[in-house]
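Asks: Chains as they are written, first to last, in the numbering used here: chain L, 1 to 324; chain B, 1 to 435.
A hint or two may mislead.
[Stated by the list, open to error] Derived CB-CB ranges, DEER-like: (1) B:259 <-> L:58: 54 to 62 Å; (2) L:170 <-> B:191: 16 to 24 Å; (3) B:79 <-> L:119: 57 to 65 Å; (4) L:137 <-> B:244: 49 to 57 Å; (5) B:326 <-> L:45: 55 to 63 Å.
The set of hints was computed from the structure by calculation and includes no laboratory data. Backbone N, C-alpha and C fix where the C-beta goes; we use that ideal spot for every residue, glycine too.
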Amino acid sequence: MTATAVLEPTIGRDSPPSAPRTPSRRGPSRRLGSWRRRWLPLLVLVLPALALYGWFFLASVGQTAYFSFFDWNAISTPEFIGIDNFVEIAQDPVFVRALGNTAYMTVLLLVVQLPLAFLLAWFLYRRVRGHGFLRTVYFIPVIISSVAVALLFGFLYETNFGLINTALRGLGLGSWTRNWLGDQATAMTAVTLPLVWTHYGLMMIILLAALQGLSKDVLEAAEVDGVNARQRLWHVVLPMIRGPIGVCALLSVTTAFKVFDFVLLLTQGGPASLTQVTGSYLYQAGYQQFKYGYGSAIATTVMIMVALCFVLPRLFRRRRGEGR
Amino acid sequence: MHQVKASRWLTLAAACALGAASLAACSTAQPEPSDDAPVTIRLAHGWVGEVPQAAAFVPAIEDYAADHPEIDLVVEESAGNAIGEKIATQMAAGEEPDVFLHWGVNRSSEYIEAGRVADLTDLLDAHPDVEEWFDPASFSAAQLDGGTYGLPMSTYIHMFLYDEQAFSDAGVGAPETLDDLLDAVPALAAEGAIPLSANITAQRYLFELYVAQLIDDNEELREFAETGEGHDSEVAEAAQAIIDLREAGAFPQGAESLTTLPSLELYNAGQALSYYQDSWTLGNLSPEVADRTVVGLAPAIDASSDVKMVSGSNYFVYMSQKAYDDPAKRDAAWDLMTYLAGPEVAARLLEVSDAPSAIPMDELNLDESEISSVVTDLIEMRDELGPDEIVPLFEQYLSPEALAGLQDLAERLLIGQVGADDVAQAYRDVLADAS
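Input sequences plus hints: build the corresponding full structure.
Replies: Rendered as structure tokens:
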């Protein structure tokens, strides 16, 4: 086969792929025609999706990054200020606190939500009685509006007539009552719990699907080899669903960095920024204080940090030869 | 072969054309207006839902729309403070409403300076009767660089309400000074009740009143609010008063995260025996509780001070510059604005929502039987005070960022993150950050 034949696509209709080719002066134009036939229809079909993706995602992200270098209130003419917004972020104690709170929220989602979702998924996988009904019940919080959930938890936490404190007083545990959303010791946990409650169902469904896709042969082989239940779970099941668990962990981290609705609805980030997270802080900077440039810089900083959270471990794994 | 290819491309082109036609059908292309077509006016406001003014304001808008078929009124609502964010978004998108309710220039100056809000000076000059409706001082928070940009929609009066019978049962009288209140707190708490329902915002209002009473000069107060300079000892004393009240147990547990209307509910439910807040909340005071409620001045930190009360106007109705530039829209928008801020709606707001307006009560055609005695007592008490005895809120002088910083400072004071002696410096830091 000649060099030209190697470069030619093998699925062209005009000439069979096995037919011997001879070099021709018309080669380049033929190649162009073949390229057109092969790729142009695909490109035309993909173009709307690419345009939408470019407009709604790439352009938005690019614009956010662009405006992070400006002092701008979204109405006035933007004034280029270089990296001043990022310098201000580095010195902003509220941002640092918001970042710490977001990290705490991430840890809480990873150590509470993920194990809880796995336990429930395992429970359903074992096909306990009423598992279909339970699966629906566990999933319901996912489809409830965050406003309704925040109101519900607001009623639970309310200090003077909320359900939790009323129940504690009823049980003679009045000394345990506290301002759940205002106490430094409990505020961030109290703000995170509604998030756990609304998202564990989605993780449970992902993990349940992963469990249901496990090879029965492998599980039976493990049983034949005499592993007990704990060993089967720890050494067979968990390694086999490592991928979906990773997806759930990824969702947990991105959820923590994106959340702002529960925080704004329950505490507005207060008192004294005790419950401020990066999402709520950038929302307040942009929409309540007219600091769109600064808000964009916060968004860009957070985006880079989240990206690094995922890229760096992959790079390290690749260097250690695990990722291949 | 070529025919097949051509038909394939024709099919593809037809599909694209169909898609484009569908998108065009979904677009918002407007037909050419005719002379007798109604003028479309977009009105944005936050007096909806559980906001007390909603009970009077929403029906008033519906009545206006029904009475004015020549105006196609499009109402955009977002309850309470959320309207500020909605309007900010619309402004950023260049889609501002024609008429909107918003706070004074402290929170609207960005729009005014960007030329997005109309200066009403010419319209007010052309309609002197409209300007005469209002107390002249009520325009001050809507004025910037010699222009007047809004018509006053309401008046705020900070009020101290208390249950006279409950106070009497506890063996205490009406507290006139801070010391009286501090003395009364143990007796009121012994009744198993919260002595004073004041959430963190109300505590900030009380702090501002105490600073004003200790400075005791309106001009100096304004200078201090804008610079934070020169009154560290007064600020420390006012902050210590709030700390003393907190430590005495005057405020509700969880005041740090208590929002405004739930703090009124504590008073409505009898769990709190007194209440300090802005008068906009009065519409949610239950009628039974109103019957046993007495209106008083806030217990003073310095009884000899001239300053007695915080009151002013800081909520206005504005017209967009776009609407002003279109003669047909300008007339319709002005008509709507004068209706919303005028005597008819002001009377309804007072009768139905207990919301005081910037139009003096004796200028309104009121059904006295419909008005709560708490409101009339409050307005009469305010009207008896002289101009030196009334001060506006600090926030009239502060940008949104500085106001957020001040609120944050109040929260830090309440949860003990900042001591009384450090408040003045912390306030200067807030102002420096905001500038």
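Asks: Would you mind marking each hint as holding or not holding in the structure?
Replies: Now for the hints, and whether the structure bears them out:
1. B:259 <-> L:58: 54 to 62 Å: 40 Å, violated
2. L:170 <-> B:191: 16 to 24 Å: Between residue 170 (chain L) and residue 191 (chain B), where Cβ atoms are some 21 Å apart, the hint holds.
3. B:79 <-> L:119: 57 to 65 Å: With Cβ atoms ~40 Å apart, the hint is violated.
4. L:137 <-> B:244: 49 to 57 Å: Because 51 Å falls inside the window, the suggested range holds.
5. B:326 <-> L:45: 55 to 63 Å: 45 Å, violated
When each numbered hint is compared with the structure, violations occur for hints 1, 3, 5.
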